[in-house]
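**Student:** Chains as they are written, first to last, in my numbering: chain Z, 1 to 342; chain P, 1001 to 1342; chain G, 2001 to 2342; chain W, 3001 to 3342.
One or more hints might be untrue.
Derived contacts from chain W toward chain G, CB cut-off under 7 Å, selection only [claimed, not checked]:
no.: 1; residue: 3045
no.: 2; residue: 3048
no.: 3; residue: 3238
Below, a list of computed lysine-lysine pairs in the DSS-like style, where the Cα atoms sit at most 30 Å apart [what the hints assert, rightly or not]:
no.: 4; chain 1: P; residue 1: 1186; chain 2: W; residue 2: 3186
no.: 5; chain 1: G; residue 1: 2111; chain 2: G; residue 2: 2067
no.: 6; chain 1: P; residue 1: 1111; chain 2: P; residue 2: 1186
no.: 7; chain 1: W; residue 1: 3224; chain 2: W; residue 2: 3111
no.: 8; chain 1: G; residue 1: 2067; chain 2: Z; residue 2: 186
no.: 9; chain 1: P; residue 1: 1111; chain 2: P; residue 2: 1003
Bear in mind the hints are in silico, worked out from the structure with no lab data behind them.
Idealized CB from N, CA, C, for every residue including glycine.
Here's the letter readout for the chains.
Protein chains: 4
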Amino acid sequence: MIKVGIVGGTGYTGVELLRLLAAHPQVVLQVITSRADAGTRVYQMFPSLRGFVDLAFTHPDQAQLEKCDLVFFATPNGIAMQQVRVLLNAGVKVIDLAADFRLQDIASWEKWYGMPHACPDLVAEAVYGLPEVNRAQIKAARLVANPGCYPTAVQLGFIPLLEAGVIEPNSLIADAKSGVSGAGRKLEMGNLFSEASDNFKAYGVAGHRHLPEIKQGLARAAKKEIGLTFVPHLTPMNRGIHATLYGRLSREADLQALFEQRYTNEPFVDVMPAGSLPETRSVRGANHCRIAVYRPQGGDTVVVLSVIDNLVKGAAGQAVQNMNIMFGLPETTALNNIPLLP
Amino acid sequence: MIKVGIVGGTGYTGVELLRLLAAHPQVVLQVITSRADAGTRVYQMFPSLRGFVDLAFTHPDQAQLEKCDLVFFATPNGIAMQQVRVLLNAGVKVIDLAADFRLQDIASWEKWYGMPHACPDLVAEAVYGLPEVNRAQIKAARLVANPGCYPTAVQLGFIPLLEAGVIEPNSLIADAKSGVSGAGRKLEMGNLFSEASDNFKAYGVAGHRHLPEIKQGLARAAKKEIGLTFVPHLTPMNRGIHATLYGRLSREADLQALFEQRYTNEPFVDVMPAGSLPETRSVRGANHCRIAVYRPQGGDTVVVLSVIDNLVKGAAGQAVQNMNIMFGLPETTALNNIPLLP
Amino acid sequence: MIKVGIVGGTGYTGVELLRLLAAHPQVVLQVITSRADAGTRVYQMFPSLRGFVDLAFTHPDQAQLEKCDLVFFATPNGIAMQQVRVLLNAGVKVIDLAADFRLQDIASWEKWYGMPHACPDLVAEAVYGLPEVNRAQIKAARLVANPGCYPTAVQLGFIPLLEAGVIEPNSLIADAKSGVSGAGRKLEMGNLFSEASDNFKAYGVAGHRHLPEIKQGLARAAKKEIGLTFVPHLTPMNRGIHATLYGRLSREADLQALFEQRYTNEPFVDVMPAGSLPETRSVRGANHCRIAVYRPQGGDTVVVLSVIDNLVKGAAGQAVQNMNIMFGLPETTALNNIPLLP
Amino acid sequence: MIKVGIVGGTGYTGVELLRLLAAHPQVVLQVITSRADAGTRVYQMFPSLRGFVDLAFTHPDQAQLEKCDLVFFATPNGIAMQQVRVLLNAGVKVIDLAADFRLQDIASWEKWYGMPHACPDLVAEAVYGLPEVNRAQIKAARLVANPGCYPTAVQLGFIPLLEAGVIEPNSLIADAKSGVSGAGRKLEMGNLFSEASDNFKAYGVAGHRHLPEIKQGLARAAKKEIGLTFVPHLTPMNRGIHATLYGRLSREADLQALFEQRYTNEPFVDVMPAGSLPETRSVRGANHCRIAVYRPQGGDTVVVLSVIDNLVKGAAGQAVQNMNIMFGLPETTALNNIPLLP
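Input sequences plus hints: build the corresponding full structure.
**Tutor:** As structure tokens, then:
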């Protein structure tokens, strides 16, 4: 049994981690910390967990965390980097669901996240936790940087094309749409029901923190610098990301076969038949990414549609997938729940 | 292993049955029939099932169904009553998710459902599948009438009060609100997104088919005729029923204790602490009913709040619970999935 | 032309007041104050007003307000009562959209609103601004207490029955459902999209501030004390209140005729034909209340369905209606916009 | 006064036309036809119109229509082209809100709409009713082809760039998102609340009927053939289109100034300040198009955000705007209603 701790965990990523871990046959939930809500039973905050999780939030306690085999950080950006070193030194593995270890370029990280980085050496060690790319390194990692939600959907959609070199890498477009839970359980005006419902808007057009993360991953796939325009949008639904990706074809290729081959052994990437229209609800609550690829009117523009549940494959589910890999378990353990439709 | 067939199954109750049964460790899905969609893979209609259910819809075929141990009818009202007898004669158990066997009063059934009943004798044999009331009879049944969604939420909320005789049985009020999936996957104008979203309305105020079903169940609990005003409403959400129940107190009682004792051994009824406000999302995708009981301002009106997922405890989940009971399995088998929140 | 000022006005009531007043042919918007947002153009906060309202929020400035003919308070409870006296003394009329002047019983007000009242004498003078009851007094008033949203929907539904003495006044039930904008533009967890969407719940069951306001109004209609159980619910839509009202018939009456006669000259109360099901969207953006009355199964329970737009007839629209009355204008001026459907 | 008839009018475009025309000071609604619903009062179908429109649907009657000054066709594609000639011959002006007269290339129309065209000569005469492009021709027209919803949002966003020749015309991308009312009031499975809510998906990726219409308009602006990839999406809201447009800059230009100059005299196009994020709700119920233009990270990709209400500027509102132009009225008559927010 894996002894697991969670730091943070009062947000949507936290409750989703608890949902998945509570049903994991190899996990014992040892501790979940929250400075603000210490003493509160988890199910008092999240009544969906009544009868499933008895744990209460506790004050962060280093000794408690060091007794774990694995600690998840479901904290705001900038917290994990303060606390990870002592845990690693104590032999605890760490998966950070925030952004502290995602960007290898420290200067870029400090610019986009607006603070100095506390441990650049650990960034160098950290493995970017996208199993479809880094499975072997994750297996051996002490510290995994769990990818962002947009970066997961966008990378999985572009990678087969870039690795195969069939699109021009300098003019990629990612038009992405996210449900409101992607903004977190935060008291911000734009997250109110009466602001976000029956409404659609873009945001972060001038620049979004996930842009450098996506570019880093796509450059790795293309083995060269790439150019990307990334426009995220807020759509009035709870869960789900739909990334619509555009690239210019640089040589002929059987795109459908390309995708199917790239993901043939991936348990969580579903390349749908030609002509499919992936819906976000088809992955609601599940760790799957469903993808369709198009070449409209036989022109030279490739269109990829990629959908995930932002809280599962885009956050907590991928974190559990990474945990399974790190601890030698079957990768799908506790991740085989069927999407909820409708 | 239980060999299971499903008749019908292209509606929301059907896809929910498939979601639950596909994860059931003691079930083999043998056949799912649909006249209109024969030949279609189930996952083509419900992409959420891609990778989980490989079955295709087939033309109804009596021989196939007779090889099953259990057949679920997820058909419109009036279909099951035509087909059940031969299945029972062949030794197949049946759970009908429609209304054909719910009302013991045949005349009442024929009035509310607008057709003659095909097999009154089987109605007499059928067991009303509310485990919290009829567990022993369900265990022995060949034919179970799975309760309606409103009747489940309303009965579970009123039964402790009526059994204990603490409220006047002649002036009950059930103000119930349902998500739109309760109307089924039917091409009716009122079910369109642009009709139902950002809107709230009552319907069936003059009379709703679930009224006699609820009255039958409440009379059984009260051991006398009861008077009930039932007003259902449509609320712009997918899943969930919230029943707000009103009764007049006829004698003093510790209401909280009454509910806790009544349901103390029930795995799927959660009597919440005094002062709780059950939310429909706290049972989304799960087979639980959460209940809170109030006596506002210490007056003589009792208010009960009762929430279920209309597709799970209100339909497919309760059907699987009944199956588990009928086949001697632990009652919670395949029904322990944690609600999806948010 | 009426010179109008608005104190507060950064909430949903405020933007709705601006929408209605900007189209009012007899109104000049002089000043809108907001301590926190002084200097911001109104349309920067509410882009829907771009091209229609050029005003900027300003610091509250007594002199500016005293130049107005009428000042609306769209402030949190407890603000207006601090500022009204000087305005009245300066000859300015006042309509308070908050609760400061709604309850004639000061002790009750202080209990429910948790603060001492600053000017009980002005409460005695204030007129409760429900035109269907107090039209003449409103016409003569200096100070109008604009009714709450629930109280408007519930009173309009019960008043014909209580005035005519056809229901028992001691066991009234009001089961009310509100869209989320009713909670205001406030940073509270329950107002987040990911908390409120695809969810339904009751709140304030043990006691809600609108309860004494409703009871005061119904007692006036019944000419005696009344007993009321009031359960408000939150439904996942933006605008709209649906009140489902239950009463016990005490003598025979033609209920349909009763309602039609009571409201025959009311421009904003629409008694729908027998058998109608009023929808909240049928009044979206409009100042109308639509009502239907039922006697299910011919029993002795009367059911009234009453819908309003909580921001219009439940707040800003009713305030403009009161203004029209106070200034001798046709009551429907600027209030004849047709509901937006879908 | 303009005597107006409406053919069709039981869909969302119809009810929206009625909402706008009922408030138009220069319009008399003479007749509204519907074969299926003849005899039904309009407000029985659309209760929002109770008290505002007394008309009943009637059987189509040529004589009645010929007495009108103007007839709107709010019919499915392929109807107007059968009936327009006799009306024109009778001196009646016509605005077709369907697609029958939108494409000048008859072969293309017949391919995309799957039927032979009934009157190619009238297509040649018809004026494409986008006032921002064709105001003078509309003024003189007998027959106006009212633009589609997507084409309106996309053209208004691309036109300034193409007319000025600052982007490459051969690789345009339009990623568009529509509320569900855009699909019409049609009994199709995908339009059900439980299919469309809490879900996001693309559709028509391989080809959508609005593609040739958009290409025709953009080619006119560019004065050469253009290349366009158009991907429409369905987003879970009632009203609104958000078009996110991508082009490759071909020469330096002050994009903000370009847009402001192009639309400086347009009453219904709002070029927002640099850095703005237009929201669909900011035009809900109004005839406005709000636009923002970006050049992310100073690269050579131009991003334009363009929002409209699909039922107003994308259909009925633009039709009324065209009517105003055709009859010499101030263009904004009856179109100055302020958007409804929230």
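**Student:** Hint by hint, note whether the structure agrees.
**Tutor:** Now the hints, each set against the structure:
1. Below 7 Å, beta-carbon pairs count as interface contacts, and residue 3045 of chain W has none with chain G, the closest being about 10 Å; its hint is therefore violated.
2. The interface hint given for residue 3048 of chain W is met, as the beta carbon of that residue sits about 4 Å from the closest beta carbon of chain G, less than 7 Å.
3. The criterion of a C-beta within 7 Å of any C-beta in chain G is met by residue 3238 of chain W, whose closest approach is roughly 5 Å, and the hint holds.
4. At most 30 Å may separate the alpha-carbon atoms for a hinted pair to count; residue 1186 of chain P and residue 3186 of chain W meet this at roughly 13 Å.
5. The suggested pairing of residue 2111 of chain G with residue 2067 of chain G is violated, with an alpha-carbon distance near 35 Å, which exceeds 30 Å.
6. Between residue 1111 of chain P and residue 1186 of chain P the alpha-carbon distance is near 23 Å, which keeps this suggested pair within the 30 Å criterion.
7. Note on residue 3224 of chain W and residue 3111 of chain W: the hinted pairing holds, with a Cα-Cα distance of about 22 Å set against a maximum of 30 Å.
8. Distance restraint check for residue 2067 of chain G and residue 186 of chain Z: the Cα-Cα separation of roughly 41 Å exceeds the 30 Å cut-off, and the hinted pair is therefore not satisfied.
9. Between residue 1111 of chain P and residue 1003 of chain P the CA atoms are separated by roughly 36 Å; this puts the pair beyond 30 Å, and the hint is violated.
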